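Chains as they are written, first to last, in full-length UniProt numbering: chain A, 1 to 572; chain E, 1 to 182.
No lab work stands behind these hints, which were simulated from the structure alone. Because the structure is a prediction, the values reported are computed rather than measured. Accuracy of the hints is not assured; some may be wrong.
[Unchecked claim] Sample of chain A residues facing chain E (criterion: CB under 8 Å; computed from the structure):
hint, residue
1, 162
2, 292
3, 404
Glycine included, every Cβ here is placed at the ideal spot set by N, Cα and C.
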Amino acid sequence: MNYFPDEVVEHVFDFITSHKDRNSVSLVCKSWYKIERYSRQRVFIGNCYSITPQRLIARFPGLKSLTLKGKPHFADFNLVPHDWGGFVYPWIKALAKSRIGLEELRLKRMVVSDDSLELLSKYFPNFKSLVLVSCEGFTTDGVAAIAANCRFLRELDLQENEVEDHRGHWLSCFPESCTSLVSLNFACLKGEINLASLERLVARSPNLKSLRLNRVVPLDTLQKLLMRAPQLVDLGIGSYVDDPSSEVFSKLKAVIQLCNSIRSLSGFLEVAPCCMSAIYPICENLTFLNLSYAPGLQGNDLTKLVQHCRKLQRLWILDCIGDKGLGVVASTCKELQELRVFPSDPFDAENAAVTEESLVLISAGCPKLNSLLYFCHQMTNAALITVAKNCTNFIRFRLCILDPVKADPVTNQPLDEGFGAIVRSNKSLKRLSLSGLLTDQVFLYIGMYAKKLEMLSIAFAGDSNKGMLYVLNGCKKLRKLEIRDCPFGDVALLQDMGKYETMRSLWMSSCEVTLGACKTLAKKMPSLNVEIINESEQLEFSLDDRLLVDKMYLYRTLVGHRKDAPEYVWLL
Amino acid sequence: MAKEGLGLEITELRLGLPGGGTEKNEKKRVFSEISEEEENEKSNGPPELQSKSQVVGWPPVCSYRKKNSFGDKDGSKTSKFYVKVSMDGAPFLRKIDLALHKGYSDLAKALEKLFGEALRDAESCEFVPIYEDKDGDWMLAGDVPWEMFIESCKRLRIMKKADAKGFGVLQSREALDGTLKE
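Just need the whole structure built from these sequences, with the hints factored in.
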């Protein structure tokens, strides 16, 4: 390859699209590093504090698409205080100053201010795509700026963000000249919007493929929108309530028959079950169905619907579908790859909605299953062992038993053997979440068998440091480890400090790690940021080193301590 | 002269920031603890469930999903109806959850609590509670049934009666006192 001119090498690199591969390519030699960095357009940064925007810009002047992640995963469950960090503003400011021609920005768990959005909308004339997932800090005013100023906007995708709604003129801010929209998702916005503006926007967006509405968009507007956009591939329904004998409903039934490109359906944020029959005609072609935000549908409604979905590949559903309903899924959805069953009432122990029985049925009925998220009230070793026999393709396996330390109810044993079977037979497993009563033994199995494991989430498990050590020693590909309420302490933390340089991050909360050990780690490993979140009343830094640390988050970084930590975060 | 306006005796309450104390401890409270407590207070579940100690951050359902997907038990709403409340003469706006109140008199009591100090300081003024509805019109509170009011109210304002004359929502004094003293 050294005999080829740079342009040829660059052209070859064009075919190398995965981040991992491009990273590897850049390490081969100086010449390849240089060619690669000038031709790189897409960059993924899994931890926004591992590098600074300035260094990013310096290395990749041709940057067009940036993905950034901020807060640690456990922030989703309120374990990270409100103003911990993850601000996108400095990134956007630096990019704006630099003349980078940013076209795409994807953010997850970051704090996004209206100012950031305004800056974004004004400084990047070719900006095309904004995807915000689990972010917060902005209002519909920021969204309005994007709508108003991004002349070539193709994608505005807001997923599960906390957005303060200033009552809906943002939609009217899309100029009449904006006809480029391909994807519009505003399901997480709570407030009113101008329905007429929405209709006009959809009417002038011939390329619109994905549309996800919020709960204030009523059924009759839905019907009008579908008339304008029968080419939709992905539809998120807002409000789906009407009288089935009404004229509007008949019109809806008719227009739905024309929408034969729809492959992905979600929403039903408000729903009248008696209207669901209108949906059946499009169920045949669905590959993705997300009813996890439709608590208005009962088990029977869900079961009836699913019976029509023979080509389903991904299903997200609430546990009120019940064992019976999941049994129907198992016999109907033979193409199923991903199943997520969410709790409809996490604190109700009496009505066991789904149990281990239907998980076994699914594993037997759906041979292509490779991704599972399953909230249930109980699990047995026998069931898990059977699942492991039936399914050997799992990439993601997340089991959440609502009582976090519940044993196998039949044998009263811990679930070590069950999970052990899962990791033994699923050699491609990349992500695993455990729950139920678990001893060090399960970690022995994980360390022994889960050779491809990249992310592990542990809660209320294990007996001693050995548990954590099995994992750190055995899981060579581990990138993210998050642990809460486990008896793992200093010995485990400090055994192999170099290991953390091979990982993105480690989270430990309510474990048995002392302040002294964290200080030691920070001192010996300058390439790691060791952060302590301390919310107790004691504000003195120079405390007893024997103090148990409440929350520790450490991550590798090239740029040392961050400058934006709040006062309760101690950077060791 | 007794304070007219809301028609109820003014109790002694500070117009302070939510949460009361400004000690650092208050600020340092874990966010999750606070939200768990709020959930416990407002939970519609039976008392036994409320007193059961719920572990912070468990089950691991993300907070957005918690707020948006859990089913209603017996049809009772778990959704909240937070609206801003402004009062002429008070320096801060407040927010109030309409869903927590059973009716207009309940609301009046709550507003008194929020704005007690400002009400006291405003020398013998009379106040009119008005609200902005879904269409953007300012309406006098008290005319429509409570459930309808909650659905359509977007924000509340406690306006000085003197200003009401120019505002176009003035009603006869009797009607006012009548509705507010329900």
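Okay, the hints, checked on the actual structure:
{"no.": "1", "hint": "162", "result": "holds (7 Å)"}
{"no.": "2", "hint": "292", "result": "holds (6 Å)"}
{"no.": "3", "hint": "404", "result": "holds (6 Å)"}
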